[in-house]
Amino acid sequence: MAELLAWLKERAKGDLLLWADQLSAANRFKVSVRDVENAALENGLLPARYQRNRNMFCLDDQLKLFKSKVAVIGCGGLGGYIIEELARLGVGTIVAVDPDVFEEHNMNRQLLATPDFLGIKKVAAAARRVDRVNPAVELLPVGLAFGMDNGKRILEGCHVAVDALDSIAVRLELAEICQEESIPLVHGAIAGWYGYLMTQYPGERSLQKFFAHNSQESGLEKHLGNPSFTPAVVASLEVAEVCKILLNQGTPTRRRCLSIDLYDMEFVEIEC
Amino acid sequence: MKITVKLFAGFRENRFKVAERELADGCTIAGVLSDLGISEPELGVALINGRHVTLDQVLSDGETVSLFPKVGGG
Numbered sequence: 001m002a003e004l005l006a007w008l009k010e011r012a013k014g015d016l017l018l019w020a021d022q023l024s025a026a027n028r029f030k031v032s033v034r035d036v037e038n039a040a041l042e043n044g045l046l047p048a049r050y051q052r053n054r055n056m057f058c059l060d061d062q063l064k065l066f067k068s069k070v071a072v073i074g075c076g077g078l079g080g081y082i083i084e085e086l087a088r089l090g091v092g093t094i095v096a097v098d099p100d101v102f103e104e105h106n107m108n109r110q111l112l113a114t115p116d117f118l119g120i121k122k123v124a125a126a127a128r129r130v131d132r133v134n135p136a137v138e139l140l141p142v143g144l145a146f147g148m149d150n151g152k153r154i155l156e157g158c159h160v161a162v163d164a165l166d167s168i169a170v171r172l173e174l175a176e177i178c179q180e181e182s183i184p185l186v187h188g189a190i191a192g193w194y195g196y197l198m199t200q201y202p203g204e205r206s207l208q209k210f211f212a213h214n215s216q217e218s219g220l221e222k223h224l225g226n227p228s229f230t231p232a233v234v235a236s237l238e239v240a241e242v243c244k245i246l247l248n249q250g251t252p253t254r255r256r257c258l259s260i261d262l263y264d265m266e267f268v269e270i271e272c
Numbered sequence: 001m002k003i004t005v006k007l008f009a010g011f012r013e014n015r016f017k018v019a020e021r022e023l024a025d026g027c028t029i030a031g032v033l034s035d036l037g038i039s040e041p042e043l044g045v046a047l048i049n050g051r052h053v054t055l056d057q058v059l060s061d062g063e064t065v066s067l068f069p070k071v072g073g074g
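As they're listed, the protein sequences go chains A and B. Residues 1 to 272 (my numbering) make up the first sequence, in order. Residues 1 to 74 (my numbering) make up the second sequence, in order.
These are calculated hints, taken from the structure and not from any lab test. There's no promise every hint is true.
Computed footprint of chain A on chain B; a stretch qualifies when at least three of its residues, placed anywhere within it, have a C-beta under 8 Å from a C-beta of chain A [to be verified]:
1) 6 to 12
2) 23 to 35
3) 52 to 62
No residue lacks a Cβ here, since even glycine has one placed at the ideal position from N, Cα and C.
Using the sequences provided together with the hints, build the complete structure.
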């Protein structure tokens, strides 16, 4: 380890560790690029891929992101973008949960849905994508339907859970498990031009209140479907919330719900 | 009684953004939905003067009702 560190420090440009050197170090010292990233961040070196983050996040913040584990429940419209953005942000461990395979009707909006991935498990595609985007990030694929039976196990050790589900009933199960396990939950939902965003900490029940009646029915999405842009917008808002929660910065959308209307371009806060 | 109704997101389609409605005294949120042709499962959240209320909440003259549709896609 001391040898690796000395080598990294010698190669660093200022406090930046270039990708080529990160890769060389992994080969030379027979460790993973993930191990190299960990060693770099713990010793004051910033992998150069994060240099445009640094005026927003200090090195300790970047290390905190790397040490974080975030569960993304659902790998469709929202989930695809959420996973992409978490991986680029440098969140070290992502648990991706979805039982489905890609189908043709996913390709109008789902980031990971490409012709070569048709018929492929969504979580397998997510793992391949993250490996290409940021190999220092570990994606743990869970190809199961999330529910009360397996939720606790899936969320084990996670610092935040991100709702990218397409079922209100399962969302409420996710909210219950997050409550029991004391995990903050970022809720997002979309339909057509519209969406909602809400963050809920343990002890808060905004989401349960929001869906207090008729939780078994689906919403507006059933007849509106979803275009390419709405998932990208709401997913990005969710990742911003995750980032703030992990770093304990800024003001999350707590005890309020943001209603997003891209048709009339209106963002309205609902008190919860 | 006169009630101001504000509609949000998809509820505006073929309806309006904001309108004054004349409703019978004792009318509830459920009554407003039925007046607008919105079925109860379509509703996400109802607010009276910005406060979260349930479907059986009785309205008073001059109040403002805001209705948000239920959205569950991902």
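Hints not upheld, ascending by number: 2
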